[in-house]
Amino acid sequence: MRRYPIKKRKEIKMSDNKDLTVNPLSGNFSTSGADTSMRGFAHPKEKAVLENAKEILGKTETGARLLDVMNHYKIPIRVMSGREITYTTPDDSTVYLMAPPAVTKSYDVVALTLGCGIRDVEQGMVGFKRPDKDLDPVEYAAMTFSKSLDIIVNMCKIADELKEKLGFQKPLDIVYELGHGNIYKAQKANADYNEIVDLFVEGERNATEGLL
Amino acid sequence: MQWHRLEPEKTEKLITSIVNAGGPALFTVKNSEAKCMRLPFFDSVLLYRITNNTCLPVFSMDFLGNGKEFFYIDGSFSPFEKVQHLATLDITRENMAAFLQFYFFTVMQEDGEIYPVYKHTALPDLEDSNLHTTKHDVPEGGYVFEVDEDSNNDSFHVKTCLYYDGSLMSGNLSVSKQGHVEIVGLSPLFGEQNAESASLPYKET
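For the record, the sequence lines run as chains A and B. Per the numbering used here, the very first residue in the first sequence carries number 368; after that it's consecutive. Per the numbering used here, the very first residue in the second sequence carries number 3; after that it's consecutive.
For the record, the hints were derived by calculation from the structure and aren't laboratory data. The beta carbon of each residue, even a glycine, is placed where N, CA and C say it ideally should be. Do not take every clue at face value.
Restraint-style ranges between C-beta atoms, simulated for each label pair [said to hold, decoys possible]:
(1) A:N557 <-> B:P190: 24 to 32 Å
(2) A:F512 <-> B:K32: 18 to 26 Å
(3) B:M3 <-> A:E569: 31 to 39 Å
(4) A:K500 <-> B:E142: 44 to 52 Å
(5) B:F147 <-> A:L533: 36 to 44 Å
(6) A:Y560 <-> B:N68: 46 to 54 Å
No farther apart than 25 Å at their CA atoms in a straight line, the calculated lysine-lysine pairs in the BS3-like style are these [what the hints assert, rightly or not]:
(7) A:K537 <-> A:K414
(8) B:K15 <-> B:K84
(9) B:K179 <-> B:K161
(10) B:K32 <-> A:K500
(11) B:K32 <-> A:K496
(12) A:K412 <-> B:K84
With the sequences and hints as input, model every part of the structure.
In structure tokens, the structure reads:
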């Protein structure tokens with residue numbers, strides 16, 4: 368699963384200097400309706416992947432609540448084939464999961480990703496919308512920051528429950544790989560929100576400085 | 003090897019191709035950036051990447067294509083096969099490191115995350131996502147990369163350091179000129195030979 372929200376990037380050499388990927392604030396959020404047909408892109412075992420992920424996610428407290436949200440709001444979930452396990456929610460209402468065709472040993476990671484995707488859509492359902500492109504950049508960044516941190520904390524909770532209740536280690540390893548180990552430890556220790564915010568800021572600063 | 007940014011018209015062509023193939027409407031010219039990179043083992047096929055920068059997390063899809071036809075890299079060997087009607091795969095001793103790096107980047111393995119570990123990455127710009135970029139430092143003298151060509155059956159034997167689902171291993175690979183890779187032997191890079199690991203059967207299908 369990709370790092371959230373601002374990826375630590377290796378230097379990308381381009382033929383010109385207009386690489387917008389280094390500026391996470393550029394461009395617009397997609398507002399186009401998502402096409403859910405995906406005839407050439409659907410995962411060959413879409414149903415099985417989703418059912419297995421839901422079954423695992425539903426055995427955790429945080430995950431079960433998110434599945435209730437998914438059912439209540441009838442949030443569409445589609446599974447695409449892809450190189451890595453990740454998700455996107457381009458229109459704030461549909462979750463697209465991506466998973467390799469050979470994913471049978473990683474349903475726990477798909478479950479974690481599904482939980483993050485549902486939480487992402489839930490944010491919009493409860494009025495925590497994506498920032499408008501015309502917002503002041505500082506306000507835009509603040510909203511992006513808040514949304515991202517919320518999903519990271521949610522991810523840490525699911526990973527912890529998957530480990531503690533079901534013995535799945537890989538989701539927690541991914542939390543650490545993504546650089547959110549300190550946030551995980553803090554939320555597990557019931558640290559207050561401000562402390563978690565400080566850790567997130569510090570992590571992002573370290574990730575950014577690593578690029579310089 | 004480096005990325006080259008696509009002009010808006012070419013980006014639009016790629017997006018149209020994705021939609022025509024049944025892809026979800028995840029990309030527009032406004033919200034996305036597309037780029038391409040030459041691969042040393044293909045003469046007229048490039049790697050294309052389109053990224054929607056406005057999604058959180060940032061979302062990318064990769065394709066092999068010639069600018070007119072594109073094949074989605076879906077984690078299977080299929081795009082390698084499909085693209086070979088557009089261009090000949092030309093694997094040589096010289097580009098073997100790049101090929102293997104690309105192969106394990108694109109073809110996901112049942113046994114978990116597997117990729118070759120090199121002293122100097124052959125395709126330095128291949129991965130611009132955070133995951134999979136952490137290359138493992140191997141102590142001096144521990145790196146292995148040897149290529150032998152088997153002219154009888156049109157294949158190569160390669161010995162290389164592998165990151166194998168959490169462990170550093172020494173892997174013996176058989177690489178066909180059509181791009182099929184088979185791990186024919188594995189042993190721990192350091193320490194005692196583990197007979198079970200060394201004989202781990204693996205075959206790309």
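Outcome of the hint check:
Between A:N557 and B:P190, the C-beta spacing of about 41 Å breaks the proposed range 24 to 32 Å. A C-beta distance of roughly 23 Å is found between A:F512 and B:K32, which places it inside the suggested range of 18 to 26 Å. At about 34 Å, the beta-carbon gap between B:M3 and A:E569 stays in the expected band of 31 to 39 Å. Evaluation of the 44 to 52 Å hint for A:K500 and B:E142 yields a pass: the beta carbon distance comes to about 50 Å.
A hinted range of 36 to 44 Å for the beta carbons of B:F147 and A:L533 is consistent with their spacing of about 40 Å. About 52 Å separates the C-beta atoms of A:Y560 and B:N68, a value consistent with the hinted range of 46 to 54 Å. For the suggested pair A:K537 and A:K414, the alpha carbons sit about 22 Å apart, so the restraint of at most 25 Å is met. Among the hinted pairs, B:K15 with B:K84 is consistent with the structure: their alpha-carbon atoms are about 19 Å apart, no more than 25 Å.
For the hint linking B:K179 to B:K161, the alpha-carbon distance of about 16 Å falls within 25 Å, and the restraint holds. Using a Cα cut-off of 25 Å, the hinted pair B:K32 and A:K500 holds, with the two alpha carbons roughly 12 Å apart. Between B:K32 and A:K496 the alpha-carbon distance is near 20 Å, which keeps this suggested pair within the 25 Å criterion. Between A:K412 and B:K84 the alpha-carbon distance is near 21 Å, which keeps this suggested pair within the 25 Å criterion.
In the structure shown, a violation is registered for the earlier hint numbered 1 alone.
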